[in-house]
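Chemist: The residues making up each chain are set out below.
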Amino acid sequence: MSAEDNHILEPQHWVERYGDYLYNYAIVRVNDTQKAEDLVQETFLSGLKGKDNFQGKSTERTWLISILKRKIIDTYRKQYSSKESSMAEYEQDISDGDFYRSEDPFKGHWLEGKGPHSHSLLPDGEMEQAELMQVIQTCISLLPPNLASAFVMKMIDETESDEICKELGITPSNLWVMLHRARLKMRQCVENKWLT
Amino acid sequence: MAKQIGYKIMVFMSKRMLACDEASFLISYKHDHKLGFKRWWQLKMHLLSCHLCRKYSHQIEQLNLSVDQYRESCSHDTSTHHLSDNANVKIQHAVSSELNSN
Chain A
1 MSAEDNHILE PQHWVERYGD YLYNYAIVRV NDTQKAEDLV QETFLSGLKG KDNFQGKSTE
61 RTWLISILKR KIIDTYRKQY SSKESSMAEY EQDISDGDFY RSEDPFKGHW LEGKGPHSHS
121 LLPDGEMEQA ELMQVIQTCI SLLPPNLASA FVMKMIDETE SDEICKELGI TPSNLWVMLH
181 RARLKMRQCV ENKWLT
Chain B
1 MAKQIGYKIM VFMSKRMLAC DEASFLISYK HDHKLGFKRW WQLKMHLLSC HLCRKYSHQI
61 EQLNLSVDQY RESCSHDTST HHLSDNANVK IQHAVSSELN SN
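Line order of the protein sequences matches chains A and B. Sequential numbering of the first sequence, starting at 1, is according to my numbering. Sequential numbering of the second sequence, starting at 1, is according to my numbering.
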């Protein structure tokens, strides 16, 4: 039997081999250095505890990532259960006073300066790809945590909507409103990065 | 038949226009869903008359594309972020002591 057919675990090499890999995966999804480091450590420790469950069908790395994924979703879930119960109602409402006017007769219209300024979100001409990626990452990290987790699950992990609702314990309409709010804030954040 | 469709269109047109909050919600929503005819029409009518929401719609498309690129770059790139030396030592220590305790 070759090594490719049956993977084995070598925990003594985990940190050097996969430490940065898991950390990259985590930091993109939780946007908090400390939390990401803790998640990496917990992943290795859970891996050690559960190493008898490893059947050698996937690589070590894939197996560790699957543990990390679970832990990230648990972090998201904790954010939700710690919020007041009124959040569900709040997230139903698309009219956000931070962005739209709330008084008649212009109820629901863009607030001055809160709508888009320029036609294009991105500056004209040459732009470093790396710079744009940095801006996207920064703007995700500036989202309120509950919006960030919904946005990342949907847009970065491409999780099915039903699955997101199930994991986070929210309704589909909560989710659509949250994704809308996340995009409102993301758009504003990215545009402001170029304006300033 | 044509008359019926014409009538339906008139009904849709006479519905009140969407406000920008509803229109921008639909712009986001249609990234993940196909809009029904009524909503699609209402959005279309709103966009005809509202230059801010036209910009918004264009920018959200650009945002979605940028986030797609970001996702791709994250899945290939493992060198952007590194565990700090402190964290490395700490985690290595935790793993080693767990290994030795077994």
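Don't read these hints as lab results, they were simulated from the structure. In this text, a Cβ means the ideal position worked out from N, Cα and C, and glycines have one as well. Treat the hints with care, as some may be off.
Claimed, not checked - A short, non-exhaustive set of chain B residues, derived as facing chain A with CB atoms under 8 Å: (1) Gln4; (2) Asp32; (3) Phe37; (4) Trp41; (5) Ser49; (6) Val67; (7) Thr80; (8) His81; (9) Leu83; (10) Ala87; (11) Asn100.
Claimed, not checked - Quick list of in silico lysine-lysine cross-link-like pairs, DSBU-like style, CA-CA up to 30 Å: (12) B:Lys30 to A:Lys193; (13) A:Lys51 to A:Lys69; (14) A:Lys107 to B:Lys44; (15) A:Lys49 to A:Lys35; (16) A:Lys49 to A:Lys107; (17) B:Lys90 to A:Lys78; (18) B:Lys90 to A:Lys49; (19) B:Lys44 to B:Lys55; (20) A:Lys114 to B:Lys90; (21) A:Lys51 to B:Lys90; (22) B:Lys90 to A:Lys107; (23) B:Lys55 to A:Lys193; (24) A:Lys107 to B:Lys34.
Chemist: Evaluate each hint against the coordinates.
Modeler: To see whether the hints hold, each was checked on the structure:
no.: 1; hint: Gln4; result: violated (32 Å)
no.: 2; hint: Asp32; result: holds (7 Å)
no.: 3; hint: Phe37; result: violated (19 Å)
no.: 4; hint: Trp41; result: violated (18 Å)
no.: 5; hint: Ser49; result: violated (12 Å)
no.: 6; hint: Val67; result: holds (5 Å)
no.: 7; hint: Thr80; result: holds (6 Å)
no.: 8; hint: His81; result: holds (5 Å)
no.: 9; hint: Leu83; result: holds (5 Å)
no.: 10; hint: Ala87; result: holds (4 Å)
no.: 11; hint: Asn100; result: violated (10 Å)
no.: 12; hint: B:Lys30 to A:Lys193; result: holds (26 Å)
no.: 13; hint: A:Lys51 to A:Lys69; result: holds (17 Å)
no.: 14; hint: A:Lys107 to B:Lys44; result: holds (20 Å)
no.: 15; hint: A:Lys49 to A:Lys35; result: holds (21 Å)
no.: 16; hint: A:Lys49 to A:Lys107; result: violated (57 Å)
no.: 17; hint: B:Lys90 to A:Lys78; result: holds (25 Å)
no.: 18; hint: B:Lys90 to A:Lys49; result: holds (18 Å)
no.: 19; hint: B:Lys44 to B:Lys55; result: holds (13 Å)
no.: 20; hint: A:Lys114 to B:Lys90; result: violated (45 Å)
no.: 21; hint: A:Lys51 to B:Lys90; result: holds (21 Å)
no.: 22; hint: B:Lys90 to A:Lys107; result: violated (54 Å)
no.: 23; hint: B:Lys55 to A:Lys193; result: holds (17 Å)
no.: 24; hint: A:Lys107 to B:Lys34; result: holds (27 Å)
Taken one by one, the earlier hints fail for this structure at numbers 1, 3, 4, 5, 11, 16, 20, 22, listed in ascending order.
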